[in-house]
Amino acid sequence: MALGTYGTTRPADMSPEDVEIILNYTPSRDVTENFTLKKLDSASILTPYFHNNQTGGNAGVEILGGLYNLKLPATEFNQLGIYTLYIRPAEVRTSITDCGVLSSLPNVKGIIIDLNNVPQQYRNRFTNQGLVGFRIEYLNSDGTKVPNFYRIITSSFFCEPVVTNLVNSSQKSIRYRYVDSGSDLMFCTVSPTSAPTNKPSATPYIGQPNQNIIITNTFFNPMSIDIQVANYDVDTLGIALYGNQTKSIEDGIYTIYDTQNNIYKQYNLFEVRDEFNNLLFEVRQDRGDNIDFSKNFSNVVN
Amino acid sequence: MISDSQYIKISPEVLSSDIIQETLSGNTFGVYSGMSEILSGGTNGSSLLTGLTIPVVFTETFNDLGYYSPFDGLALQYNVITNFLYSATTANKYNITLYNTSDEFYGVNQFATYQVDWGDGSNVESMTLSSITHNYQQIEGNYNIKLIQTNPWGTTTITKPISIPMTGVTIDNPEGTVTFDSQGGNWSGTSSTYNFIFSGDAENTVQKQITSNYITVPYIVSGFTKSKLTDLKTYGNPPYDPTVTIFKEGQEYGRVLTIGETYTSYTINDVVYYDYPNGRTLFVLESSGFTTNDLVAVSLTKEENLLDVAMQPEIQSQIFIERGKNSAFEGLQRLSEVDNIGDLVRYGYGFYNINEE
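Here the protein sequences line up with chains A and B, keeping their order.
Every letter in the first sequence is one number past the one before it in our numbering, and letter 291, counting from 1, is 326.
Every letter in the second sequence is one number past the one before it in our numbering, and letter 347, counting from 1, is 339.
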C-alpha cells in the first residue's frame, strides 16, 4: 500500500526562448504533398501570463505558470485554411568534442561539449548543472538522425583536461576534472552510462567525438495546435438560423442580423420570369460588400 | 513526455475587428465583413487582422531523474583496494619481488587471501606475507603478473605487465605531480599543477563543504522546562559564579548570568534559562537557520540500472550464523561488543558455529 501518491504533470513555466514553434499551412484538408514548414520566432509571439492582484502571486513579476498567450502574426495567418502550429522544446545543435572519464573517478563516463560550438543564444543554459534533465539525440555522419535513441543528461559541470599516467597504455591519458569556471568545456554525464550487472561488457553508447548531437530541454510537453481560419462555423450558422431577419418588400433586400443586431449578411431576393411572366427561378443573391445600411435593424423596426 | 493537441476555429463572429461600425439616421450598428475580406482587405491585399491571439496551456510531465542511495564513505577504485608493486635489484634483474599494497587504505581486506600468478607458467602461489619473491630463471620476455584477491565479496584480479629482465624504468613524474595548461577561459594558457599521488581525492567531509552564509531566522522560541542550573555548579564557594564560564569537553557550555530574588538566569548552549522561586524554569532562545551541525556529508551514488525503480535496501551475505550451544554463563551483552565476523569468531568461544561459503 502506497504511503501516498504524487502527480507527475505540472504547469510549465519555461521561457519563450526555450520554445520552438513550427508552422505548417495548408488551404484544405486534402492537400497531401508539398508541405511547407516555417519556423516562427517564439520569443516575439509567445508571452507568458503573469500574476496580477487578483490571482494571488506577485503582480507583474511572478509567472502564472502553464498559461501563455500565443500571437498569430497577421503576416502568416492571412489566408483561409488550416494552420498547424507544432510547438516543442527548442533544440540546441552542437557536437561532441570528446568522450572521457573523470581523472579522480574513472568509472564516471561522460561527453565533453565545447561551448564555442554551441549557438550563442543557448550558451547561457550551459552552466554547472544547468543541463540536467536535457535530452541528447544523435546524428549519423550522413546527417540522418539516429531514430528512437536518446540519452538524458544527469549532470553538467565545467571541466578541463588533465594528463594522467596509466599503467595500461590502451587507455586514454587525457582525462577530465571539474573546475568551477573559466573553462569552455562542459562535462556531461548521461544516463545510462553503466553496463548492466548481468552483462558488464555492454557499456551503453553515449556518443563519440565529433558526432553531431541535438540537445533539447524537457521543460514542457510538445503540442500541436490546429487553427482553422474559416468563413463559417457553427455559431455562424446559428446566426443564419436563429438571428433576427428582415425582408424589404419594396426592393427585396433580405438581411440577417446577429445577436447584437449587427448586419451579418444581406441578400437580394428576386424572381426570374420568362416573357410570358411564368416564374422560372426564385433567387437569393449575396450582396457581399454592397450592404444597404438603411436596413439596419433599428431603422427597420422603429 | 506526453503530447497535446488543440483545435481552434477562427471565423468572423469571434473577431471584433470583423464588425465595422456604421451610423445611419442616428442609429449606430455593426456590419460584418467576410473572413476573406478581412484577410485581404488591407493595403496591397494584406490582412486586416492585427491582434489575433489565442491562449495555450503548456504542461510538463516530470520524472525523477534517478535512484540515489547513500553509501558509507570513501569511493575507491577496486584497483586501489587491491594493488601491488614490484621491483628487482640491480644485482639480479630476474628476481622480482612483489609487494602487496592492498591493505594500505581500508580494512575491508582483512578477510582477504591472496595468490600470485607470475605469468611464466609457474604454479600460482599463495601469498601470506606482504611481499613475495619469484625468479624468472633467466628467461627474457614479457609477462603479466596477476595478484588475485579472494574475499567474501568476490575475487578481484589485478594484472600488471613486466619485462624480464627488469631494468631501470623512467618515471615521468617521480613526485606524482603533473603540470598542465588550462585550455580555455580566464585561465587559458596558465600553467597549473595537479598532485597526482592518490591521497584520498574522494574525501568528502563536512568541513570541506560548509559555508558560513547561514540565514538567521529571527523569532523567539520559549517554553518551560526543568532547571539545569546545577549543570553550572562549580567546586568550592560560591557554587554559582557569574564571572565563571563553564566548559565541557573543551567547548564553552554555559554561564550564570544573574542571581536574584525574583529569578536566577543562566545560559547553556546559547539557551537562556530563568529559574523562578516557584520552581518553574523558563527558557528562551532565538531560532536559527541551517548551521554546520545540521550538515551531514553523505556521498551519493547513482544506480543507473535502477532508474525509476525504488526498492528497499537488501543485504546479501554468504555467511550463515547457526545458533550454537547455550551456556548460562554466556552474557548476551557480549553481542554488542562484536561488530564484525572476525570478532564473532575470536570472541564467540564457540557460542556460534560460523561457516563461510
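These aren't lab readings, by the way, just hints derived from the structure by calculation.
What you are looking at is a predicted structure, and each value in this text was computed from that prediction instead of being measured.
Each hint should be verified, as a subset may be incorrect.
Unchecked claim - BS3-like, lysine-lysine: derived pairs with alpha carbons at most 25 angstroms apart:
hint: 1; chain 1: B; residue 1: K138; chain 2: A; residue 2: K74
hint: 2; chain 1: B; residue 1: K240; chain 2: B; residue 2: K138
hint: 3; chain 1: B; residue 1: K152; chain 2: A; residue 2: K144
hint: 4; chain 1: A; residue 1: K144; chain 2: A; residue 2: K74
hint: 5; chain 1: B; residue 1: K1; chain 2: A; residue 2: K106
hint: 6; chain 1: B; residue 1: K1; chain 2: B; residue 2: K85
hint: 7; chain 1: A; residue 1: K106; chain 2: A; residue 2: K73
hint: 8; chain 1: B; residue 1: K1; chain 2: A; residue 2: K234
hint: 9; chain 1: B; residue 1: K152; chain 2: B; residue 2: K138
hint: 10; chain 1: B; residue 1: K240; chain 2: B; residue 2: K220
hint: 11; chain 1: A; residue 1: K74; chain 2: A; residue 2: K106
hint: 12; chain 1: A; residue 1: K74; chain 2: A; residue 2: K234
hint: 13; chain 1: A; residue 1: K180; chain 2: A; residue 2: K73
hint: 14; chain 1: A; residue 1: K144; chain 2: A; residue 2: K180
hint: 15; chain 1: A; residue 1: K73; chain 2: B; residue 2: K1
Evaluated hints:
no.	hint	result
1	K138/B <-> K74/A	violated (61 angstroms)
2	K240/B <-> K138/B	violated (54 angstroms)
3	K152/B <-> K144/A	holds (24 angstroms)
4	K144/A <-> K74/A	violated (36 angstroms)
5	K1/B <-> K106/A	holds (15 angstroms)
6	K1/B <-> K85/B	violated (89 angstroms)
7	K106/A <-> K73/A	holds (16 angstroms)
8	K1/B <-> K234/A	violated (55 angstroms)
9	K152/B <-> K138/B	holds (7 angstroms)
10	K240/B <-> K220/B	holds (14 angstroms)
11	K74/A <-> K106/A	holds (14 angstroms)
12	K74/A <-> K234/A	violated (44 angstroms)
13	K180/A <-> K73/A	holds (20 angstroms)
14	K144/A <-> K180/A	holds (23 angstroms)
15	K73/A <-> K1/B	holds (21 angstroms)
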